[in-house]
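Undergrad: Residue numbers (numbering that gives the first Met the number 0), protein chains in the order written: chain A, 0 to 225; chain B, 0 to 245; chain C, 0 to 638.
Be aware that a few hints might be false.
Pairs of lysine to aspartate or glutamate residues, derived as DMTMM-like cross-links and limited to a Cα-Cα distance of at most 20 Å, are as follows [what the hints assert, rightly or not]:
{"id": "1", "chain 1": "C", "residue 1": "K488", "chain 2": "B", "residue 2": "E49"}
{"id": "2", "chain 1": "B", "residue 1": "K146", "chain 2": "C", "residue 2": "D143"}
{"id": "3", "chain 1": "B", "residue 1": "K169", "chain 2": "B", "residue 2": "E207"}
{"id": "4", "chain 1": "C", "residue 1": "K24", "chain 2": "C", "residue 2": "E14"}
{"id": "5", "chain 1": "B", "residue 1": "K148", "chain 2": "C", "residue 2": "E137"}
{"id": "6", "chain 1": "C", "residue 1": "K556", "chain 2": "B", "residue 2": "E49"}
{"id": "7", "chain 1": "C", "residue 1": "K496", "chain 2": "B", "residue 2": "D48"}
{"id": "8", "chain 1": "C", "residue 1": "K32", "chain 2": "B", "residue 2": "D132"}
One side of the interface only, derived from the structure: several residues of chain B facing chain C at Cβ under 10 Å [to be verified]:
{"id": "9", "residue": "K146"}
{"id": "10", "residue": "A149"}
{"id": "11", "residue": "K180"}
Hint data in this document are derived by calculation from the structure and do not stem from the laboratory.
In this text, a Cβ means the ideal position worked out from N, Cα and C, and glycines have one as well.
Residues per chain are reported as follows:
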Amino acid sequence: MNKMLRYSSLTKKYVMALAGFFLMIFLLIHLGINLFIIPFTENHQDIFRDGVHFMTTNPLIKAMEIFLFGGFLIHILIGIILQIRNWMARPIRYAKANNSQGSFFSKYMIYTGAVILIFLIIHLGNFYFVKLGLTEAPEGMTRVADDHDFYSMAINLFSNKIYSGIYIVLFILLGFHLNHAFQSAFQSLGLSHSKYTPFIKAVGDFYSIVVPLGFILIPLYFIIYY
Amino acid sequence: MNIKLKIWRQKNAKAKGKFVNYSLDNVSPEMSFLEMLDALNNKLIIEGDEPVAFEHDCREGICGCCSLYINGTPHGPGEKTTTCELHMRSFKDGQTIVVEPWRSKAFPVMKDLIVDRNAFDKIIAAGGFISIDAGSSQDSNAVLVRKEKADEAFISASCIGCGACVAACKNASAMLFVSAKVSQFALLPQGKVEAVERVQAMVAKMDELGFGNCTNTYACEAVCPKGISVTNIARMNREFLYAKIS
Amino acid sequence: MIKLDSKIPEGPLAEKWTNYRASQKLVNPANKKKQDIILVGTGLAGSAAASSLGELGYNVKVFCFQDTPRRAHSVAAQGGINAAKNYKNDGDSVYRLFYDMIKGGDYRSREANVYRAAEVSNATIDQLTAQGVPFAREYGGTLDNRSFGGVQVSRTFYAKGQTGQQCLLGAYSGLLRQIGKGTVTMYSRREMLELVVIDGKARGIITRNLVTGELEKHSGHAVILATGGYGTIYYLSTLAVNSNGSAAWAAYKKGAFFGNPSFVQIHPSSIPVLNEYQSKLTLMSESLRNDGRVWVPKKKGDKRPANDIPEEERDYYLERRYPAYGNLVPRDVGSRAAKERCDAGYGVGDTGLSVNLDFKDAIAKQGKKAIEDKYGNLFEMYEKITGINPYEEPMRIYPSGHYTMGGLWVDYELMTTIPGLFAIGESNFSDHGANRLGASSLMQCAGDGYFVIPNTIGNFMSGEIRTSKISTDAPEFEKAEKDVTEKIKKLFAVNGKQTVTSFHKRLGKIMWDNSGMSRNEEGLKKALKLIDELKEEFWKDVKVPGTNDEINQELEKAGRVADYFGLAKLIVTDGLNRGESCGAHFREESQTETGEAKRDDANYSYVSVWEYKGDEQEPKLRKEDLNYEFVEVKERDYK
Numbered sequence: 000m001n002k003m004l005r006y007s008s009l010t011k012k013y014v015m016a017l018a019g020f021f022l023m024i025f026l027l028i029h030l031g032i033n034l035f036i037i038p039f040t041e042n043h044q045d046i047f048r049d050g051v052h053f054m055t056t057n058p059l060i061k062a063m064e065i066f067l068f069g070g071f072l073i074h075i076l077i078g079i080i081l082q083i084r085n086w087m088a089r090p091i092r093y094a095k096a097n098n099s100q101g102s103f104f105s106k107y108m109i110y111t112g113a114v115i116l117i118f119l120i121i122h123l124g125n126f127y128f129v130k131l132g133l134t135e136a137p138e139g140m141t142r143v144a145d146d147h148d149f150y151s152m153a154i155n156l157f158s159n160k161i162y163s164g165i166y167i168v169l170f171i172l173l174g175f176h177l178n179h180a181f182q183s184a185f186q187s188l189g190l191s192h193s194k195y196t197p198f199i200k201a202v203g204d205f206y207s208i209v210v211p212l213g214f215i216l217i218p219l220y221f222i223i224y225y
Numbered sequence: 000m001n002i003k004l005k006i007w008r009q010k011n012a013k014a015k016g017k018f019v020n021y022s023l024d025n026v027s028p029e030m031s032f033l034e035m036l037d038a039l040n041n042k043l044i045i046e047g048d049e050p051v052a053f054e055h056d057c058r059e060g061i062c063g064c065c066s067l068y069i070n071g072t073p074h075g076p077g078e079k080t081t082t083c084e085l086h087m088r089s090f091k092d093g094q095t096i097v098v099e100p101w102r103s104k105a106f107p108v109m110k111d112l113i114v115d116r117n118a119f120d121k122i123i124a125a126g127g128f129i130s131i132d133a134g135s136s137q138d139s140n141a142v143l144v145r146k147e148k149a150d151e152a153f154i155s156a157s158c159i160g161c162g163a164c165v166a167a168c169k170n171a172s173a174m175l176f177v178s179a180k181v182s183q184f185a186l187l188p189q190g191k192v193e194a195v196e197r198v199q200a201m202v203a204k205m206d207e208l209g210f211g212n213c214t215n216t217y218a219c220e221a222v223c224p225k226g227i228s229v230t231n232i233a234r235m236n237r238e239f240l241y242a243k244i245s
Numbered sequence: 000m001i002k003l004d005s006k007i008p009e010g011p012l013a014e015k016w017t018n019y020r021a022s023q024k025l026v027n028p029a030n031k032k033k034q035d036i037i038l039v040g041t042g043l044a045g046s047a048a049a050s051s052l053g054e055l056g057y058n059v060k061v062f063c064f065q066d067t068p069r070r071a072h073s074v075a076a077q078g079g080i081n082a083a084k085n086y087k088n089d090g091d092s093v094y095r096l097f098y099d100m101i102k103g104g105d106y107r108s109r110e111a112n113v114y115r116a117a118e119v120s121n122a123t124i125d126q127l128t129a130q131g132v133p134f135a136r137e138y139g140g141t142l143d144n145r146s147f148g149g150v151q152v153s154r155t156f157y158a159k160g161q162t163g164q165q166c167l168l169g170a171y172s173g174l175l176r177q178i179g180k181g182t183v184t185m186y187s188r189r190e191m192l193e194l195v196v197i198d199g200k201a202r203g204i205i206t207r208n209l210v211t212g213e214l215e216k217h218s219g220h221a222v223i224l225a226t227g228g229y230g231t232i233y234y235l236s237t238l239a240v241n242s243n244g245s246a247a248w249a250a251y252k253k254g255a256f257f258g259n260p261s262f263v264q265i266h267p268s269s270i271p272v273l274n275e276y277q278s279k280l281t282l283m284s285e286s287l288r289n290d291g292r293v294w295v296p297k298k299k300g301d302k303r304p305a306n307d308i309p310e311e312e313r314d315y316y317l318e319r320r321y322p323a324y325g326n327l328v329p330r331d332v333g334s335r336a337a338k339e340r341c342d343a344g345y346g347v348g349d350t351g352l353s354v355n356l357d358f359k360d361a362i363a364k365q366g367k368k369a370i371e372d373k374y375g376n377l378f379e380m381y382e383k384i385t386g387i388n389p390y391e392e393p394m395r396i397y398p399s400g401h402y403t404m405g406g407l408w409v410d411y412e413l414m415t416t417i418p419g420l421f422a423i424g425e426s427n428f429s430d431h432g433a434n435r436l437g438a439s440s441l442m443q444c445a446g447d448g449y450f451v452i453p454n455t456i457g458n459f460m461s462g463e464i465r466t467s468k469i470s471t472d473a474p475e476f477e478k479a480e481k482d483v484t485e486k487i488k489k490l491f492a493v494n495g496k497q498t499v500t501s502f503h504k505r506l507g508k509i510m511w512d513n514s515g516m517s518r519n520e521e522g523l524k525k526a527l528k529l530i531d532e533l534k535e536e537f538w539k540d541v542k543v544p545g546t547n548d549e550i551n552q553e554l555e556k557a558g559r560v561a562d563y564f565g566l567a568k569l570i571v572t573d574g575l576n577r578g579e580s581c582g583a584h585f586r587e588e589s590q591t592e593t594g595e596a597k598r599d600d601a602n603y604s605y606v607s608v609w610e611y612k613g614d615e616q617e618p619k620l621r622k623e624d625l626n627y628e629f630v631e632v633k634e635r636d637y638k
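This is chain A alone, in the form it adopts within the complex (with noise of 0.2 Å):
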């Protein structure tokens, strides 16, 4: 801790985008497992437990998942980290609160990321201690073979209105993160130029409109289909 406040401010951002990325792949390929909670095709569910189930099972994931956590727990830290500098950096606040132009997004990212931890939490309570034993699975779940019933989790959480409600507005914040966090990461690695930077930039605008789009679409889908 002691050493990680010491590291240089753009040590502590490269770690930040860095981890970033890596929170972002991770993303994706939750995305790409999640949609097949949605029927589209007629195997989806046996599709969604394989998925689930190398995704638990696979020892090269599970050592990933040493990494992913770490990934959490390190962009957390640093965020708050880095926060709390920034605040300290401005003692005494402006009256009339600043009007500059500038990434609108980016002013938030710790409220945003703030509310994104708290759904993260509800979230492994929900899912990922349930599969650690840590926590109790609800009632009225059936259990396939060992794996555990994700797929029913899913849809039992997501019979809950309220609960799908919280979760598509959770996800529009986590756009906001993302849309700012994408073109963000790479400026603070210093991946920046006048002819890509363009590019990378409508990538993120697309990344952190359609990932948040294909979560929302599961609860959406419920919402409208239950």
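With chain A's structure known, arrange chains B and C on it following the hints.
TA: Chains B and C alone, transformed into the frame defined by chain A:
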């Protein structure tokens, strides 16, 4: 026109400051913002009050002295403008203008609207130079520099050290200032020799002085009176990364 | 009695500097460490000198009134810096640069100093380039040049319209490097208010800490002034509003002679006075005249918008009067020509006190992009201030106070008549005669700082190696401090009704009207009287608010204006004495039939050197005769 002013008044660095309201008549749209303040001060002096202290010198946008945070924007409305280049035609009759000093831990207020920007000098002294003693240079044309690079270096070098970037940044970060200097030298062959040491020394000093971090909000770029781009920050990130891993 | 000894080295012109350096005394590195040098002012000359002297190993203490050295007004020089590199292969040489300066200065400068300035110009460009100054380049990677007024070669190096800023930042970075190393100690937000002379030698200064108001005593083995010019005596000028002549004035009163005080350059192109509140006139670089054409309507009082006036009804008066140099005549000539047209009723704008500077032809020929590349920031600046887009409409310009060729008299070593007191850059009188050519100010400042003073100061310092640290307890320090305290008390004590600025404005008007672009005996005599009256009124009715022990910008201004009354009189007295027209000094009594300046070499081929004799006494005039050994003195002709 008539202008209502709400100006931060603070006796000295230790005193507690407060906003004071003023009303000023006969403001001409042709006046520069500083000339409007001159008129206010003139009035205050004659009425036996203390004039508002603010920094200014060249009054043509190049010295970097002026440092007013006007209605929520460093140097006030208008793109690529310093306070001294801002004219009253940018405001409406009867408008209230809130004038504050730069706010940053690294730029403490000294009096009224004057802040101490000595931190910038400390960063330059840490490494913002090319180590060349007078007398030891070779012919200027012995090293060729691609025009595009020289022009880019010029834009980075055109920073006037006013500190608007710090003032605008929600984190009071000095990254644009530091990166502009790092970039200028990184772009020129003369500066490459010490590039690795320079960027590390300057970043370390910047961190030490209590500036915030860059969160890529780009408010700095939006208010920079010289239009210095955040691509400089990216370049510094690159330079620093290279310095750390090499 | 102090003898005027310019200490010009023996030998042919081209060998003088080499001979000097070969024979001057040196101080060994171990002794340099024990010697303190005080340097006031951190413009290009001051910063360059401070870093160079620091590199040599002296202990240098540097003072500036701004918050940081980088703000000094060298930052505002726009167009460029000259050097005799002959990169353009257009016939340039050190001699040609020297000759242009001598001629441009209307044969009123000292040959040896000017030659040296030209000689070190090349090394200066190399030094600045090596420091990372991003001068404009050609596509092949070599440095680009442009042309400036009064010359027929392209020898001006530039960084868009911000050459001064870039040069200063180069020197500043060198200075900060030395500060980081500890060889130079920086004292910012300090204003020098008095010079301390002990046993006839300059040994220290009294400064006011502009934050706490505390008076501080600083001692050194030598004192260098790099405090710039006194152009703000006109109130409205192209200078920074805080630029002032107080340091030079303090030195003058302590026994440093003043050279050619009346030689003040009025720059032909600045944004004209637009309203009564105006606090400053912004320069529009002379380099604009490379591509811009100056004109007024042929018809008197023609109030049509510039673009509506057809080509055949425009009077390109510079091209008409001076076909050889056209729009690129030297500044004094250009300024007077503009004044002549406006006085005759051909001026444009609401006030009739401006002329057009038109880029229409250049844009048509080279394209907007090319013009933007060269002058983009100047065009932007113009539009911000006036609200007029110069790509569409001609700029309107008018002359304004800009640069003071006059200054503290110095010898070849840049030492004043007080041993141990040196003056460099604009604060001395030496290199520009009666008129400075464009882009030679940065050249002189950087040259003085990097290459001249580090070489010449050794001669004096070598005599001081046995002098131990100068104590600030000496009675001379006490006395100087007391004098300053009293002056400050006196300023507060007046407690009148008028602001300092109102006095400054009135002084400026007296000077502009009577001792500006054009002068005559009657006006000058009137000015002397008016200045005295204004000074008396100042000391009866000025209001300095606040206290001494805080940041007090009004007090700072008051001290500077108070000093300006004396300096103004000195300028006028000098102008009155010089009955000829030369360079920027135009005496109406001395002109040709066509209205050109008429020089009088028989009677005035000298530097007027003034000695302070007391506030109420007339200063004493001495003459440094200018014997031109190497150039033939001719009529200055730009036709």
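Undergrad: Would you mind marking each hint as holding or not holding in the structure?
TA: Taking the hints in turn, this is what the structure says about them:
1. C:K488 with B:E49: Holds, at about 18 Å.
2. B:K146 with C:D143: holds (10 Å)
3. B:K169 with B:E207: Holds, at about 18 Å.
4. C:K24 with C:E14: Cα-Cα ~18 Å, so holds.
5. B:K148 with C:E137: holds (11 Å)
6. C:K556 with B:E49: holds (15 Å)
7. C:K496 with B:D48: holds (12 Å)
8. C:K32 with B:D132: holds (17 Å)
9. K146: holds (5 Å)
10. A149: Interface hint status for A149 (chain B): holds (4 Å vs cutoff 10 Å).
11. K180: holds (8 Å)
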